[in-house]
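Q: First residue of the sequence shown: 1, per our numbering; consecutive thereafter.
Be aware that a few hints might be false.
[As the list claims (entries may be wrong)] Estimated spans, in silico, between C-beta atoms of each pair:
id, residue 1, residue 2, range
1, Pro-52, Arg-397, 56 to 62 angstroms
2, Ile-396, Gly-557, 56 to 62 angstroms
3, Leu-213, Leu-645, 53 to 59 angstroms
4, Trp-332, Asp-67, 56 to 62 angstroms
5, Asp-461, Ala-569, 35 to 41 angstroms
6, Ala-189, Arg-333, 42 to 48 angstroms
7, Val-341, Asp-625, 48 to 54 angstroms
8, Arg-620, Arg-333, 40 to 46 angstroms
Derived from the structure by calculation, the hints contain no laboratory data.
In this text, a Cβ means the ideal position worked out from N, Cα and C, and glycines have one as well.
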Amino acid sequence: MFRRPPPASTRPAFLPAGFALVILLGLLLSTAAAASPARLGADLPYTLVADPGGSATLEQVLPALRDGAAHREVFSRGYTRTAFWLRFTLPPDRVADGEHWLEVKPAFLDDIRLFIRPLGGDGPWRQRRAGDTFDGPIGDIDHRFPLFVLPAEPRGYEMLARVASSSAVLLQMKLWSPREFLPAAARDAGFWSFYFGLATLSALLALVLAVVLGSRLLWSVTGISAAYVLVACVQGYVAWLVPEVGWRLQHYLTGLLTLASYGLLLWMASEALQLRRRLPWAHRLLMAACGLILVLLLSVPLDLYGAAIRIHTLVYLTTGAVFLLACGYIWWRDRFQLSSVLLGLSPLICMLASLFGLFSAVGWIPFREEIYVVWQYALVVNMLMVTGLAVYQVRIRHLREQEKHQLARALEVEREARFNQRQFMGLVAHEFRTPLAIIAASLQNLRYLGAPDPRHTSRYDKIGRATDRLVQLTDNCLADARLDADDLSVDRRRVCLRELVIEAASLVQPAGHNWRLTVEGRAPSDPPAPLPAWLDPAMMRIALSNVIDNAVKHGDGEPWVDISRQGTAWRVAIRDHGPGIAADRRALVFERYRRATPASPGGRQGGVGLGLFVSRRIARAHGGDLVLADDEGPGCCFLFTLPLLPEDVSL
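Using the sequences plus the hints, can you model the full thing?
A: Have a look at this one:
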């Protein structure tokens with residue numbers, strides 16, 4: 001019916017050296033008072049009997065308890081359905097000098113029954129009960145943990161305790177004198193008031209920042225703040241603050257929040273390292289673990305909490321190892337950048353602290369109060385650190401947004417300046433047209449006056465070429481301004497593409513140069529066949545003349561223009577026999593104010609870099625394009641593509 005468990009010394013007793021730092025942190029933050037109460041185990045050895053069925057009576061277990069081996073460690077047996085009986089004595093030197101108070105922890109035990117009578121007596125046992133499933137009065141003094149008053153007893157006390165729980169089976173008892181307890185309780189209450197005040201502020205800060213900034217990391221920090229309610233349950237504050245329903249509420253909240261807090265911690269860990277973007281597979285694994293943990297929440301109302309904790313522990317171990325590897329990889333990839341290390345280190349420390357607290361509660365390692373409570377301290381430090389780092393990241397992001405806005409403003413100012421410049425260039429070009437027309441007309445009149453003088457003819461030719469050059473430049477400026485206008489409309493009409501090419505070539509007037517025109521690679525037929533196109537003749541004339549002019553200026557032989565049909569489009573290829581375009585300049589030739597070859601002293605006269613830019617814009621305004629078809633020597637070939645109207649496709 002009942003059996004005596006093996007001595008606790010046979011259980012695994014390992015504690016990784018790397019966790020020593022966490023233990024030290026717990027010791028530094030511990031609120032242990034200067035007074036030293038008598039503790040069950042260390043100061044009050046006990047004997048132990050296990051009752052697997054939970055049906056043994058006091059009379060049945062008492063002989064085994066009196067003959068059992070003494071235990072001096074903290075009583076902890078993990079998650080088990082077995083009930084346990086403990087026997088210990090309070091010797092006369094402990095309780096003979098006056099009233100004493102017996103404090104019973106933790107607050108999440110389901111059922112604790114105390115049997116008390118004077119030591120050496122054979123009278124009836126006085127029974128007291130506690131536990132978060134007990135509906136009667138708990139304790140003799142209003143306190144967050146059950147606190148039982150023991151009157152002075154010269155003979156001492158013999159005490160039995162029966163412990164059963166669906167949570168971790170753990171029993172801590174402290175025997176206090178009132179003069180020791182009250183200052184220690186005041187210090188303890190002060191510490192936890194500070195703790196929960198700081199926790200509330202950090203949770204509200206995270207919530208406000210999450211709402212304002214919309215950061216997933218801050219939302220995860222807000223979510224993990226639910227663990228503060230778990231700490232309140234573990235410390236007995238929920239049952240103490242709402243005594244009518246507090247013990248039952250605390251019973252269920254402890255189980256639900258224990259599971260949920262680990263899932264929320266995994267979420268925060270993933271967001272802290274930005275695994276969604278950096279390691280999607282690790283993020284998916286951690287989120288799957290969170291989903292499984294949420295499913296395990298159903299175990300609490302189904303009374304399967306112990307089994308859920310074991311599954312959860314294995315899941316947590318696996319995901320913890322994945323997160324550790326992810327931390328190492330991301331730190332290495334970021335070259336151990338401080339903000340990256342701190343963002344990963346903060347949840348990692350909290351994860352390790354909670355993991356060892358879980359190991360301690362499950363019974364995989366010997367119970368140490370410092371290990372069990374250090375995660376409660378690490379939680380608030382972690383939240384503050386992650387919140388601070390998240391705010392720092394948001395600040396950096398805000399500074400970057402400011403830089404983007406400043407850059408956008410600078411670009412807007414530059415765009416306005418360039419628009420005003422083009423407007424001015426268009427205005428100047430328009431004003432140049434009348435004087436240039438007068439010069440051209442006057443030059444034409446001079447050519448017809450008197451007998452031609454070779455010296456005059458040469459000068460007239462130079463003036464004519466300069467005038468034509470200025471006319472072409474002003475046409476480009478006007479076309480550029482027109483193409484950038486918001487209300488640009490192409491004035492299309494049906495024209496013959498061959499005649500348009502001839503007119504464009506005549507504008508260039510290549511002195512001493514010839515140019516060759518072919519249709520489908522052959523000389524035009526006589527009479528030439530019509531090549532109907534639907535174009536703006538004025539603008540396309542500018543576009544074609546710009547490219548032909550470049551072929552004349554940069555070529556050593558005669559330019560070659562070929563018109564051909566390809567599907568539903570006309571193709572006009574203009575090839576020169578010059579040196580070609582350098583590889584590092586090919587991507588620049590179609591940009592505004594960029595030239596195919598940089599200007600050099602004494603070199604061949606170049607333009608201002610508008611010709612090809614304007615020509616491409618005109619071609620695209622017609623639904624076509626202008627590209628550098630190839631740059632294989634000799635020379636290069638620019639290719640116009642101009643779409644046909646549907647009714648012309650069959651011609």
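Q: Can you name, in rising order, the numbers of the hints this structure does not satisfy?
A: Those not satisfied: there are none.
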